[in-house]
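Visitor: Below are the chains, spelled out letter by letter.
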Amino acid sequence: MVRGFNQKFEQQQAPAFFVRGPSVFARLVFFAALSLALIATDSRLQYLKSVRQALMSVLHPLQVVANTPTRLYGATNEYFVTHNHLLNENQQLKQQALKQDIALQRLSMLVLENEHLRKLLEANQSLLESSVLGEIMHVGRDPFTKKVVVNRGEAHHVVAGEAVVDAKGVIGQVTRTYSLSSEVTLITDKSLAIPVQIERNGLRAIAFGHGRDNILDLPYLPTNVDIRRGDKLVTSGIDGVYPAGLAVATVSQIENTADSPFSRIICVPTGGVENHKQVLLVSIPQLGLPAVTAVTAVTASKVSAAVASQVKKTSKTAGTLAMPKKSQAGTAIRPHANN
Amino acid sequence: MQTTKLRHIYFSLFLAFICLLLPWSGLALTMRPDFLLLVLIFWLIRAPNLCNVGTAWFAGLLVDLAVGGIFGQYALVYTVTAFFAVMYQRRLVLFSGTQQLAYVILLLLISQISLLILKVFAGMQWIGWTYFLPSVTGVLLWRIAVFFGINAGGRARGD
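Taken in order, these protein sequences are the chains called A and B. For the record, in the first sequence the residue sitting at position 115 is 115 according to the working numbering, with numbers rising by one throughout. Here the working numbering runs 339 ahead of the position in the second sequence, where the first position is 1.
I should point out that these hints are in silico values taken from the structure, not numbers from a laboratory. Ideal placement from N, C-alpha and C gives every residue a C-beta, glycine not left out. Treat the hints loosely; a few may be bogus.
[As the list claims (entries may be wrong)] Here are some, though not all, of the chain A residues that point toward chain B, as calculated from beta-carbon distances under 8 Å:
| # | residue |
| --- | --- |
| 1 | L34 |
| 2 | L36 |
| 3 | L48 |
| 4 | K49 |
| 5 | R52 |
| 6 | V65 |
| 7 | N67 |
| 8 | L121 |
| 9 | H138 |
| 10 | V139 |
| 11 | E183 |
| 12 | K190 |
With the hints as constraints, model all of the structure from the sequences given.
Guide: Laid out in structure tokens, this is it:
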């Protein structure tokens, strides 16, 4: 059939020999110029945002169609899960729920205590954020960046800048929203920085994604800084974007070289940056009073000292800390380790 | 007759685009060939009067949208690749199967290198040699397609 197709095509090709329109080079110049103009407009000016959003909503149904085979496969797999496996999982979940219930009981007390202490210190930082449960639709297609696309968008009140967490810790930040989906840049992306605090001593720093491997860098810390292997990094919350106290990473390697005044610190993300499917999009903390920046460096250090001890206590529940929908956060997010 | 032909082109491009939209991840993502570009090259060689640099530009724009990067990057890359494909199209039809394969991998590499240059200008980091794997898998896919009788034209048809 293909051969017949070829022959038909050849017959038709002959008269078109000389009819070729503008030269190839002219076309190249025209379209290359057009692309360069687009690149310049998109990277320097913000005009194309709405265009992109409109086009993305056209693309969304196609994306859903493309996702169908994998979804069907997953659904069939799930259907044929053995009875034993389900029983085991149920058992595990029950135990987990029990542990978390106990932790939550302590948490409510701690929240009260925390509020009280904050009032005493005149520091105002709300710990109550609303959140949306989302599912990762697909991994970003650009090999140069670490991104995922989540199936919650503007229609679900997702705003760019929100923190994205899984059951174990922060995995990224919403960087672009479309109507029915949004793009999340993972914390391991080179362009993403996240303000952190060392849980042990309250030292503040900024963690940068490494880009290539699944790790974070902690640059610009002097060689004599008090940091050890195994130290836990949590969000400091002073940026006003991430809620305070979410687990981010664990320090895995510290290198001091003689020729550099800074040490090279490598951290491994706590959250399953590349293996979970369900994520929680936590909205940006709404502050009652002007801004968190009003808490100046001096007060912040005071607060951090007071809070450090609390954070330590609550660190076990760091993943679920500060979510009003406690039960949802506790049960709905579970690692998708089976797939 | 011509309308049927165009429909074939657009339908195959659409299918290739859906292939791109499939939720690839992990190793499959690093090895994923550029389906859309392969189909484009095929039509550029076979029917340059119907599918030309402009088609490539539009396809590139769609890829830009799906990838979510800066608009125009893939459009430029596809335009440049399409230029080289169409430029030597007359000669290419006379090539034998292996020569054609070499040319296709060259085109795929041109697309990847130009994309790399654009990305590096945008401040991205070199991600290792695995970056060029899609060119290799792409040319393998081309070989498989040739094996199943889909030919871009010329001697490679084996008449």
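Visitor: The structure should be examined with respect to each hint, and the outcome stated for every one.
Guide: Hint check:
For A/L34, the interface hint holds, since its Cβ comes within 8 Å of a Cβ in chain B; the closest pair sits about 7 Å apart. For A/L36, the suggested interface contact is upheld, since its CB lies about 7 Å from the closest CB of chain B, less than 8 Å. Look at A/L48: its Cβ gets to within about 6 Å of chain B, closer than 8 Å, so that hint holds up. Checking A/K49 against chain B: minimum C-beta separation of about 10 Å lies over 8 Å; hint violated.
Annotation: interface hint on A/R52 holds; nearest CB of chain B at approximately 7 Å, less than 8 Å. Look at A/V65: its Cβ gets to within about 7 Å of chain B, closer than 8 Å, so that hint holds up. Checking A/N67 against chain B: minimum C-beta separation of about 6 Å stays under 8 Å; hint holds. Look at A/L121: its Cβ only gets to about 41 Å from chain B, farther than 8 Å, so that hint breaks.
With its C-beta approaching chain B no nearer than about 4 Å, A/H138 sits inside the 8 Å limit, and its interface hint holds. A hinted interface residue such as A/V139 counts as satisfied when its beta carbon comes closer than 8 Å to some beta carbon of chain B; here the least separation is about 4 Å, so the hint holds. Hint status for A/E183 relative to chain B: holds, with the closest Cβ pair at about 6 Å, below 8 Å. For A/K190, the shortest C-beta to C-beta distance to chain B is roughly 6 Å, which falls under 8 Å, so the interface hint holds.
Going down the numbered hints, you'll see the structure goes against 4 and 8, while the others check out.
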